[in-house]
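Every letter in the sequence shown is one number past the one before it in full-length UniProt numbering, and letter 139, counting from 1, is 139.
One or more of the hints may lead you astray.
As the list claims (entries may be wrong) - List of simulated lysine-lysine pairs, DSS-like, C-alpha gap at most 27 angstroms:
#1 K107 - K45
#2 K352 - K369
#3 K297 - K287
#4 K287 - K317
#5 K71 - K124
#6 K387 - K317
#7 K317 - K355
#8 K84 - K71
#9 K124 - K107
#10 K147 - K124
#11 K369 - K317
#12 K45 - K84
#13 K253 - K355
#14 K253 - K297
#15 K221 - K250
#16 K42 - K71
What the hints assert, rightly or not - Ranges of calculated distance between the beta carbons of each label pair, as one might list FRET restraints:
#17 E116 - V165: 24 to 30 angstroms
#18 E322 - E260: 34 to 40 angstroms
#19 V165 - Q329: 45 to 51 angstroms
#20 E403 - V341: 34 to 40 angstroms
#21 F60 - G125: 19 to 25 angstroms
Calculated from the structure, these hints are not laboratory results.
C-beta: ideal position from N, C-alpha, C; glycine also.
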Amino acid sequence: MQENGFFSRSHQTQRCYTEHQPDSATFNTLVKGLCADYQIAKAVKLFDEIVDTGFQPDLFTYGTIINGLCKAGNTSAAIRLLRKMEEEGSCVPRREHYTTIIDSLCKDRLVMEALELFSEMIGKGIPPDLVSYNCLIQGTCNFGQWKEATRLLNEMVDRKIAPAVHTFSIFVDALCKEGMAAEAQGVVELMIQRGEEPGVVTFNALIDGYCLQGRMDEALKVLDFMVERDCAPDVFSYSILINGYCRSNKVDKAMSLFREMPHKGVIPDTVTYSTLINGLCMVGRLKSAQELLLEMKTYGHLPNIVTYSTLLDGFCKNHCLEEAMALLQVIEESKLNPNIVTYSILIDGFCKAGKLKAARELFHSLSTKGIQPNVYTYSILINGLCKEGLLGEADDLFKEMEEYGLSPNDCTYNTIVQGFLQNNEIPRAMHYLRQMVERGFSSHASTVSLLLHLSNDGLDQSILEMIHKTKVGTVASFLKVINSYCNLHHFSKIQDMCEV
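Start from the sequences, fold in the hints, and give me the full structure.
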């Protein structure tokens, strides 16, 4: 939208409206246009100005502004406008106004507040509908609140509101993401019992759920079951399965399924090709990956930056840096613009191959390409510098990152703490460890293991205290730390960790 366009001259419009009282249709068209153009602040300003002239907005006006505010992530302002409607009394809020805000609260991870507003709506005699319930079921499922989600489902049935395919699909998708594919299949069976036929989206969610658990036989059974129920698998169905086989190191099976697709009337797309290229790279079959890239182009599927970055990562992880550099040149010469992920992959490849000079040069050339390194890129180079014992340079790079307004994450902290510990720079390691604890980041098992061995060598007791204060990131890391404590006979610390 140009700055001198119609919508940017709201002050002229306001003056016109002051002199000539508008009708609702004209005003609503203008407000809707501003909101559709993502100029929410201007829409709200115009709304306030025109209301001040005595113009009375209608339900559509309020609904448009509330919807715009929610889409802009300003749910609190939408709630204030809802309260204003209630106070003035000329426009009583309707179900759609409440539902829009309830949905926005759920997306803001404020599920309790959404449930409270839902109860308030019912208390005011406004009956919820299928959309209202779906919003809340989605919100509660996303937070693993299965009991509450089930209660809502039962409540809507009691209100004679029939759950739709989308309602059940919410449960299926959420359960699968929580690693509960068998339970999700139970929901699919319940759908069928109730006469609701699952669609391809529901089946794809279930296939993905089994793939995430590595249960590929079950995933394939779902595909067959789809066909039995006259639900044609689409390109996403096959891409999900291919990805599952690749993650399970069954690349030949993935390739077989890929070759089967055209015979089933399903044409592979860029995502399908990229997924299989990634799988081939993961098992070191780079020549096959390159051949698939060529085939992809031959059939008119243009590789995107993800496709190229995937192959680039394969080259780097298999120590083929010359091929990686040649591919980078191809990417840079194409119409695609390499992004920070692309360059970070190559910087990491250089660091792991001990080519720190090349990594530095590429890192420092990013600004000339108009690309800003992110925290991940800095962490990669800091790790490379630490591995080479260049701690002063790593320290400077850490400070530079913060000066550019980038906040270090747990990976950055663990990297630099380990670097200083491995080079016996204990005071500097403790400095960063204290920062990490103060900022609430988790320690990796390898970091804690290094600290434990230092404390066992008779170093300051404060190291053990610092270990106890750090959070352990994952269950696997937690178990590794417990094992380290056992090896060092720090049994009281094991008890302390289990109590926390």
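Comparing the hints with the structure gives:
no., hint, in the structure
1, K107 - K45, "25 angstroms, holds"
2, K352 - K369, "24 angstroms, holds"
3, K297 - K287, "16 angstroms, holds"
4, K287 - K317, "14 angstroms, holds"
5, K71 - K124, "25 angstroms, holds"
6, K387 - K317, "17 angstroms, holds"
7, K317 - K355, "14 angstroms, holds"
8, K84 - K71, "19 angstroms, holds"
9, K124 - K107, "24 angstroms, holds"
10, K147 - K124, "25 angstroms, holds"
11, K369 - K317, "25 angstroms, holds"
12, K45 - K84, "15 angstroms, holds"
13, K253 - K355, "37 angstroms, violated"
14, K253 - K297, "23 angstroms, holds"
15, K221 - K250, "17 angstroms, holds"
16, K42 - K71, "15 angstroms, holds"
17, E116 - V165: 24 to 30 angstroms, "29 angstroms, holds"
18, E322 - E260: 34 to 40 angstroms, "36 angstroms, holds"
19, V165 - Q329: 45 to 51 angstroms, "49 angstroms, holds"
20, E403 - V341: 34 to 40 angstroms, "23 angstroms, violated"
21, F60 - G125: 19 to 25 angstroms, "22 angstroms, holds"
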